[in-house]
Amino acid sequence: MPRDIRLRALFWQTATVLFLLALWQWSAVTHPAPYLPPLKPVALAYLSLLKPGNFMDTVFPSLSRLAIGFGLAVVLGTVLGTALGYLRRLDPWIRPVLEYLRFVPTVAILPAALLLFGATDTMRIFVIAFGSVFPVLLAAIDGARRGNALLLDVARILKFSLAEKLFRVVLPGALPSIFAGVRIALSIGLVMMVISELIAANDGLGFYILRNQRLFQTANVYAGVLMLGTIGLILTLGLLSIEKRVLAWHRGWRGLSDARS
Amino acid sequence: MSQPLLSMEGVSKAYSADAQILRDVTFKQGSNEFLAIVGPSGCGKTTMLRCISALMSPDSGSVFHEGQSFDDPPPWLSIVFQDYNRSLFPWLSVRRNVEQGLRDVARSERDDRVSEALTAVKLDHAADLYPWQLSGGMQQRCALARSIVTAPRLLLLDEPFASVDAQTRIDLQDLVMDICERMSLSALLVTHDIDEAVFMADKVVVLSTRPATVVEEIPIDLPRPRDQLTTKETPEFLSLRHKVYTLVRQQAQ
Chain A
5 MPRDIRLRAL FWQTATVLFL LALWQWSAVT HPAPYLPPLK PVALAYLSLL
55 KPGNFMDTVF PSLSRLAIGF GLAVVLGTVL GTALGYLRRL DPWIRPVLEY
105 LRFVPTVAIL PAALLLFGAT DTMRIFVIAF GSVFPVLLAA IDGARRGNAL
155 LLDVARILKF SLAEKLFRVV LPGALPSIFA GVRIALSIGL VMMVISELIA
205 ANDGLGFYIL RNQRLFQTAN VYAGVLMLGT IGLILTLGLL SIEKRVLAWH
255 RGWRGLSDAR S
Chain B
225 MSQPLLSMEG VSKAYSADAQ ILRDVTFKQG SNEFLAIVGP SGCGKTTMLR
275 CISALMSPDS GSVFHEGQSF DDPPPWLSIV FQDYNRSLFP WLSVRRNVEQ
325 GLRDVARSER DDRVSEALTA VKLDHAADLY PWQLSGGMQQ RCALARSIVT
375 APRLLLLDEP FASVDAQTRI DLQDLVMDIC ERMSLSALLV THDIDEAVFM
425 ADKVVVLSTR PATVVEEIPI DLPRPRDQLT TKETPEFLSL RHKVYTLVRQ
475 QAQ
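Sequences listed follow chains A and B, in order. Per our numbering, the first sequence starts with residue 5, numbered consecutively. Per our numbering, the second sequence starts with residue 225, numbered consecutively.
Since the hints were made in silico from the structure, they are not lab data. For every residue, glycine included, the Cβ atom is placed at its ideal position computed from N, Cα and C. Treat the hints with care, as some may be off.
[To be verified] Between beta-carbon pairs, the in silico distance windows are:
1. B:E405 <-> A:I9: 29 to 35 Å
2. A:F171 <-> B:R310: 48 to 54 Å
3. B:E440 <-> A:V79: 56 to 62 Å
4. A:G242 <-> B:T343: 49 to 55 Å
5. B:D283 <-> A:Y104: 22 to 28 Å
6. A:L166 <-> B:A476: 58 to 64 Å
7. B:T343 <-> A:F64: 42 to 48 Å
8. B:Q474 <-> A:F171: 48 to 54 Å
9. A:L154 <-> B:D395: 46 to 52 Å
10. B:S293 <-> A:F171: 53 to 59 Å
11. A:Y104 <-> B:Q391: 45 to 51 Å
12. B:E440 <-> A:R249: 30 to 36 Å
13. B:D283 <-> A:R249: 55 to 61 Å
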């Protein structure tokens, strides 16, 4: 994008945010209500969440569960999906199950997970992994299946082993599709993280929001929600920058230049 | 008498009952021979190449490489495909693409051989670029480097010059002939371009329309080295070209 267009976009983006904040502040001041505190206490609560003690009790447990659960989902979904997509013969068996499972709202697994694992970290990690594995798995199967048949011929001529075919031909070819799945998985993972912490938890952001709601500490509730937004934003930006690096070849191959992306 | 490098004996292949592609294809290729296979378009040349390379097995008949038959591509065989855009690994640099044939070779030897192959195709200056940063002709040269780096004995060329412009095609023809001569490499070129077949080959095999079968084998005894200008102006070239052209046209009718 040319510089002046970028500057103009930045101006309007900032203006929109400031306008929404002003609207919030104006409503809170003119119509005082317990459910809508003014900006200042919310901002203070938000900042206090970043203090080391609070961070370790509230934000860190959530982040570590998300990291493990989401990480498991990405690895499992990628490896399994790549293999299943490549081994088309398995398709008639696995396809119906997968197509069915993708329509089951993943939140519904929560009671079952609670019975299975109790109110433990394992349960929460499982719920996050379960929710986020499907988009990755389906994207990997799809990407591996639509892979380039000619490259597999080349691989046969070059005597690639099965593992080499999977990891050096099928997987790299499926990565653009997998990254699209991972982006969706991240947002689902965040939802599952919060939900898993609303039940029988004693730390984490979900627990923090629920407890403060019960204590009528509305500023803290909004601070927690904003913190979730911040986490989602930072993780998405991180993911995009990894994607940009890993898939540089793909943008080049598709004929997209850096300037347009 | 030693076995021919490649022989196809009565090879037939059908994709379904009413789609027979190859019918009783039989021919031989000797060592150090440059063979060209021409035929009307869509006659089954690519299917034939897939049978030769053991990427596909024939319904009946056999393919022998020095008297042996193979279920998987023999290690001394390389292929350059027409579609360079899809036959190179887009996520690997030119050098890494070429390296893929030498995964079992020690690092230092591998580097030397890759550099050698890249120099042979005049691509040493572009080793660190990615295929999509190269022109079509350069991409095809990269594919060629990957094919010769394994020091094959038989190089299969599946319409390798069909997707590049005329000038690049001429350059690539000269390059391939030069490499085959220097490496004493046998090549089997599948093409629909009759000039190209006559100009490059020691023997032209003419195929019929689908289901393809060998119509005639025409030895091309033009002296080497051949030159794009002078060879193509000799009466011998013109009469051979006329002969092959007539045969192919008869098939198409």
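Going through the hints against the structure:
1. The hint said 29 to 35 Å for the Cβ distance between E405 of chain B and I9 of chain A, and at roughly 57 Å that hint is violated.
2. Restraint check, F171 of chain A to R310 of chain B: a C-beta distance of roughly 19 Å breaks the suggested window 48 to 54 Å.
3. At about 59 Å, the CB distance of E440 of chain B to V79 of chain A agrees with the hint of 56 to 62 Å.
4. In this structure, G242 of chain A and T343 of chain B break the distance hint of 49 to 55 Å, their C-beta atoms being roughly 42 Å apart.
5. At about 40 Å, the beta-carbon gap between D283 of chain B and Y104 of chain A misses the expected band of 22 to 28 Å.
6. Evaluation of the 58 to 64 Å hint for L166 of chain A and A476 of chain B yields a failure: the beta carbon distance comes to about 43 Å.
7. Range check, T343 of chain B to F64 of chain A: about 56 Å between beta-carbon atoms, so the 42 to 48 Å window is missed.
8. In this structure the supplied range 48 to 54 Å holds for Q474 of chain B paired with F171 of chain A, their Cβ-Cβ distance being about 50 Å.
9. For L154 of chain A and D395 of chain B, the Cβ-Cβ distance of about 24 Å falls outside the hinted range of 46 to 52 Å, so the restraint is violated.
10. For S293 of chain B and F171 of chain A, the hinted distance range of 53 to 59 Å is not satisfied, since their beta carbons lie about 31 Å from each other.
11. The hinted window of 45 to 51 Å between Y104 of chain A and Q391 of chain B is violated, with their beta carbons roughly 57 Å apart.
12. At about 56 Å, the CB distance of E440 of chain B to R249 of chain A disagrees with the hint of 30 to 36 Å.
13. Against the hinted window of 55 to 61 Å, the Cβ-Cβ separation of D283 of chain B and R249 of chain A comes to about 48 Å, which falls outside the hint.
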